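There are 2 protein chains.
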Amino acid sequence: MSKHFTQSDFDGFAKSFRVNFFNSLHGFRSVCLLGTQDQAANTNLSIVSSVVHVGSHPPLFAVIFRPDSVERHSLANIMDTGMYTLNHIHPDIVQAAHQTSARYPREVSEFEATGLLPEYKGSIVAPYVSQSRVQMGLRLTERISIASNHTVLIIGKVEDVYFPSEILHEDGFLMLESAGTVTSSGLDAYHSTHRITRLSYAKPYQELTVLP
Amino acid sequence: MSKHFTQSDFDGFAKSFRVNFFNSLHGFRSVCLLGTQDQAANTNLSIVSSVVHVGSHPPLFAVIFRPDSVERHSLANIMDTGMYTLNHIHPDIVQAAHQTSARYPREVSEFEATGLLPEYKGSIVAPYVSQSRVQMGLRLTERISIASNHTVLIIGKVEDVYFPSEILHEDGFLMLESAGTVTSSGLDAYHSTHRITRLSYAKPYQELTVLP
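In order, the protein sequences belong to chains A and B.
All letters in the first sequence, in the order written, are residues 1 to 212 by our numbering.
All letters in the second sequence, in the order written, are residues 1 to 212 by our numbering.
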């Protein structure tokens with residue numbers, strides 16, 4: 001049976017129902033751990049599921065921040081240092097990753113609180129998550145305010161990428177399933193994936209073929 | 001064995017390698033069919049994997065458009081009418097959904113070319129995909145230019161949502177696996193999912209519990 005919700009239904013939603021509903025509505029999400037630190041090297045780690053690809057040349061990704069959310073410490077650190085890391089999550093660290101969303105006091109690092117380990121390398125002065133298998137270091141390029149609801153979009157350029165060499169296909173595609181990368185839905189569900197197919201570049205009036 | 005790529009490596013990437021690499025780097029993606037039409041009711045359908053949740057109250061989602069891409073017809077239609085639909089993809093329509101990314105001439109509707117069927121209902125005057133099981137209708141609220149690479153961010157407010165009633169959990173969470181919703185990685189891979197866990201709201205120094 002099909003259900004239809006419209007504005008008048010939305011108005012009647014309890015807050016937690018509304019948040020669960022709209023966070024799960026657009027499908028499965030890219031979910032990463034965002035590592036930052038302030039000028040005094042106090043580290044911060046938060047789980048983000050609003051990372052989106054903006055471009056490849058230069059390589060740019062966007063993350064959305066809600067100013068009143070627990071990620072505000074991360075946003076403050078990014079504005080302070082201009083650098084941050086994004087780290088993939090695999091099943092063994094799902095619980096620790098989710099725990100970083102707790103509202104710890106400012107002086108507590110989520111690294112210490114959750115057992116995830118900071119790792120420093122390359123040109124980006126921000127902590128990577130040592131247990132993570134796919135890691136990228138980014139430098140802030142742009143901060144954009146979204147007028148519709150006062151959220152903030154942070155655009156960053158990738159400077160370093162670390163990953164297991166065996167997940168790289170010869171055409172540049174990363175076989176994330178081999179790294180155990182999980183996806184999330186809503187605010188609190190985590191999923192493994194199984195490839196259905198990989199399809200050739202689509203052209204008008206031409207049959208698609210399956211890629212290796 | 002771990003691999004490290006940095007700026008000097010990026011510069012040496014062939015174009016298709018670079019596009020595959022950076023499109024798969026941030027993990028699994030929300031992937032939807034975007035339905036639009038112009039003032040003369042000429043329809044357009046394109047596959048988008050850059051949908052991101054911006055807020056729940058009001059319910060806002062963002063989509064990123066590259067001005068030089070095949071989705072430019074969709075963007076023109078959204079600016080023309082202010083309305084569009086986002087429709088989930090399940091395994092039976094993955095091939096047709098992928099085929100919408102072919103560069104058809106302006107006068108060809110991807111609906112006709114792929115066998116996906118337009119459906120009209122509710123307050124949003126734009127075509128839904130009839131075969132899709134989770135559908136939402138949105139109204140444009142904001143267009144933002146990203147200076148870093150001249151892409152465009154479209155923010156829209158959800159006005160209508162249609163979905164199978166059995167996927168709605170009592171707390172508002174949508175069990176997307178029951179609807180067969182797929183996720184994508186890179187530009188061309190499609191994946192089904194399997195839930196690992198759903199975890200309680202995280203609080204400092206408190207054990208997480210598994211939600212139903």
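Hints may be right or wrong, so weigh each one.
[Said to hold, decoys possible] Below, a sample of chain B positions facing chain A; criterion: calculated Cβ distance under 10 Å:
#, residue
1, Thr81
2, Gly82
3, Gly186
4, Tyr190
5, Ser200
[Stated by the list, open to error] Distance condition first, Cα-Cα at most 27 Å in a straight line; then the derived DSSO-like pairs of lysine-lysine:
#, chain 1, residue 1, chain 2, residue 2
6, A, Lys121, A, Lys157
7, A, Lys3, B, Lys121
8, A, Lys15, A, Lys3
9, A, Lys15, B, Lys15
10, B, Lys157, B, Lys203
11, B, Lys3, A, Lys121
12, B, Lys157, A, Lys3
13, A, Lys15, B, Lys3
14, B, Lys15, A, Lys157
15, B, Lys15, A, Lys203
16, A, Lys157, B, Lys3
Just so you know, the hints here were simulated from the structure itself, not pulled from any lab data.
All of these numbers come straight from a predicted model, not from anything done at the bench.
Virtual Cβ for every residue (Gly too), placed ideally from N, Cα, C.
Going down the list of hints, with the structure as the test:
1. Thr81: 18 Å, violated
2. Gly82: Since chain A brings no Cβ nearer than about 14 Å to Gly82 (chain B), farther than 10 Å, the hint is violated.
3. Gly186: 5 Å, holds
4. Tyr190: At about 5 Å, which falls below the 10 Å cut-off, the nearest Cβ of chain A leaves the hint on Tyr190 (chain B) intact, so it holds.
5. Ser200: 7 Å, holds
6. A:Lys121 to A:Lys157: 17 Å, holds
7. A:Lys3 to B:Lys121: Measuring from Cα to Cα gives roughly 13 Å; hence the hint holds.
8. A:Lys15 to A:Lys3: 20 Å, holds
9. A:Lys15 to B:Lys15: Not OK: Lys15 (chain A) and Lys15 (chain B) at ~46 Å, beyond 27 Å, violated.
10. B:Lys157 to B:Lys203: 31 Å, violated
11. B:Lys3 to A:Lys121: 13 Å, holds
12. B:Lys157 to A:Lys3: Distance ~19 Å between Lys157 (chain B) and Lys3 (chain A) Cα, so the pair holds.
13. A:Lys15 to B:Lys3: Answer violated: Lys15 (chain A) to Lys3 (chain B) is near 44 Å, above 27 Å.
14. B:Lys15 to A:Lys157: 17 Å, holds
15. B:Lys15 to A:Lys203: Given pair Lys15 (chain B), Lys203 (chain A) holds - Cα atoms ~18 Å apart, limit 27 Å.
16. A:Lys157 to B:Lys3: This hinted pair holds, its Cα atoms lying about 19 Å apart.
Consistency note: the structure conflicts with the earlier hints numbered 1, 2, 9, 10 and 13.
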